[in-house]
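As a plain string of letters, each chain reads:
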Amino acid sequence: MKPFDIAAFEVGADLQKRLGFARIYSTAKDISISQRSSGAHMPTIVSSMDPGALITAAREPEVIGIMPQGPEPSRKAIEKAAEYGKTIFIPVGGFTETGTAQRQLILRSMRKTFFAAHSLKARACIISLAASKNQLLSAGQLKGIANLISTQQGRPAILENRIT
Amino acid sequence: METSEPVDTRSQATARAIADALSAEMGKTGFLKANPKIVLSVGESSFIIRVNRGSQDDLVLASAFVKNISGRPLSLYTVGVSGTIRKLLDTARSLHILQQNWP
Numbered sequence: 001m002k003p004f005d006i007a008a009f010e011v012g013a014d015l016q017k018r019l020g021f022a023r024i025y026s027t028a029k030d031i032s033i034s035q036r037s038s039g040a041h042m043p044t045i046v047s048s049m050d051p052g053a054l055i056t057a058a059r060e061p062e063v064i065g066i067m068p069q070g071p072e073p074s075r076k077a078i079e080k081a082a083e084y085g086k087t088i089f090i091p092v093g094g095f096t097e098t099g100t101a102q103r104q105l106i107l108r109s110m111r112k113t114f115f116a117a118h119s120l121k122a123r124a125c126i127i128s129l130a131a132s133k134n135q136l137l138s139a140g141q142l143k144g145i146a147n148l149i150s151t152q153q154g155r156p157a158i159l160e161n162r163i164t
Numbered sequence: 001m002e003t004s005e006p007v008d009t010r011s012q013a014t015a016r017a018i019a020d021a022l023s024a025e026m027g028k029t030g031f032l033k034a035n036p037k038i039v040l041s042v043g044e045s046s047f048i049i050r051v052n053r054g055s056q057d058d059l060v061l062a063s064a065f066v067k068n069i070s071g072r073p074l075s076l077y078t079v080g081v082s083g084t085i086r087k088l089l090d091t092a093r094s095l096h097i098l099q100q101n102w103p
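Quick mapping for you: the protein sequence lines, in order, are chains X and E. Counting from 1, one number per residue, gives the positions in the first sequence under the numbering used here. Counting from 1, one number per residue, gives the positions in the second sequence under the numbering used here.
Accuracy of the hints is not assured; some may be wrong.
Claimed, not checked - 30 Å max Cα-Cα, derived BS3-like pairs, lysine-lysine:
{"id": "1", "chain 1": "E", "residue 1": "K67", "chain 2": "X", "residue 2": "K29"}
{"id": "2", "chain 1": "E", "residue 1": "K87", "chain 2": "X", "residue 2": "K2"}
{"id": "3", "chain 1": "X", "residue 1": "K133", "chain 2": "X", "residue 2": "K121"}
{"id": "4", "chain 1": "E", "residue 1": "K37", "chain 2": "X", "residue 2": "K17"}
{"id": "5", "chain 1": "X", "residue 1": "K133", "chain 2": "E", "residue 2": "K37"}
{"id": "6", "chain 1": "X", "residue 1": "K2", "chain 2": "E", "residue 2": "K67"}
{"id": "7", "chain 1": "E", "residue 1": "K67", "chain 2": "X", "residue 2": "K17"}
{"id": "8", "chain 1": "X", "residue 1": "K76", "chain 2": "X", "residue 2": "K121"}
{"id": "9", "chain 1": "E", "residue 1": "K67", "chain 2": "X", "residue 2": "K133"}
{"id": "10", "chain 1": "X", "residue 1": "K133", "chain 2": "E", "residue 2": "K28"}
{"id": "11", "chain 1": "X", "residue 1": "K17", "chain 2": "X", "residue 2": "K29"}
Calculated directly from the structure, the hints in this document are not laboratory data. As the structure is a prediction and not an experimental result, all values here were calculated from the model.
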């Protein structure tokens with residue numbers, strides 16, 4: 001099954017195919033990303049550092065997932081997301097553009113989020129959330145970064161990139 | 001592989017710049033182990049890069065972090081991975097990167 005991705009702009013169908021994705025959703029058209037659920041009529045991902053906002057959002061039907069921000073993800077928010085069947089989204093597009101020193105810190109934070117989701121049996125999904133063509137990644141590259149995040153001390157890589 | 005903007009992938013200067021960018025991400029030892037080399041230019045911004053067996057995953061991962069080639073904002077996408085050039089050319093044809101009558 002081909003994976004999906006989410007980008008902050010509209011990616012042409014040809015490029016989507018060449019990158020190896022079944023579909024690259026656009027935040028301009030298909031999915032909205034906001035700091036709190038707003039009763040929007042399109043699928044929403046709530047991105048916030050505030051665990052309370054994430055917990056509230058996890059209950060909303062139009063919210064398909066949450067994107068915990070900050071160096072320490074809230075386990076409570078991830079637990080609630082798992083309870084309501086929401087997905088934990090981990091954006092990596094910006095990560096690929098950072099300097100070497102910054103990368104270690106961001107990778108550590110992404111790993112904490114991923115392993116918290118894994119231990120709480122929440123679905124984790126790695127997306128590029130590319131703001132420009134330069135931040136776009138192919139399916140193979142996204143899988144490589146997923147392996148980088150999820151492999152630790154010999155643990156197998158787990159990638160699940162389905163959007164329902 | 002494909003670049004995000006059209007470049008002349010047949011030029012030696014471009015090939016060297018791509019190699020430098022990959023070397024910066026893979027590290028000198030990783031680059032030596034993988035020994036990547038552009039073997040064929042197949043389109044406006046696409047090329048086939050050969051790498052030592054076992055290092056293809058490292059190359060794919062390193063290419064994700066290449067965002068700048070010779071001071072120009074450019075990123076690399078991996079379109080396909082295969083053990084044979086023929087299979088990669090078939091993939092390029094099916095994705096319309098390569099013309100159907102390309103030898």
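Structure-based check of each hint:
no., hint, result
1, K67(E) with K29(X), "holds, 26 Å"
2, K87(E) with K2(X), "holds, 19 Å"
3, K133(X) with K121(X), "violated, 33 Å"
4, K37(E) with K17(X), "holds, 25 Å"
5, K133(X) with K37(E), "holds, 25 Å"
6, K2(X) with K67(E), "holds, 25 Å"
7, K67(E) with K17(X), "holds, 21 Å"
8, K76(X) with K121(X), "holds, 13 Å"
9, K67(E) with K133(X), "holds, 10 Å"
10, K133(X) with K28(E), "holds, 28 Å"
11, K17(X) with K29(X), "holds, 19 Å"
Hint compliance for this structure: hint 3 is the single one not met.
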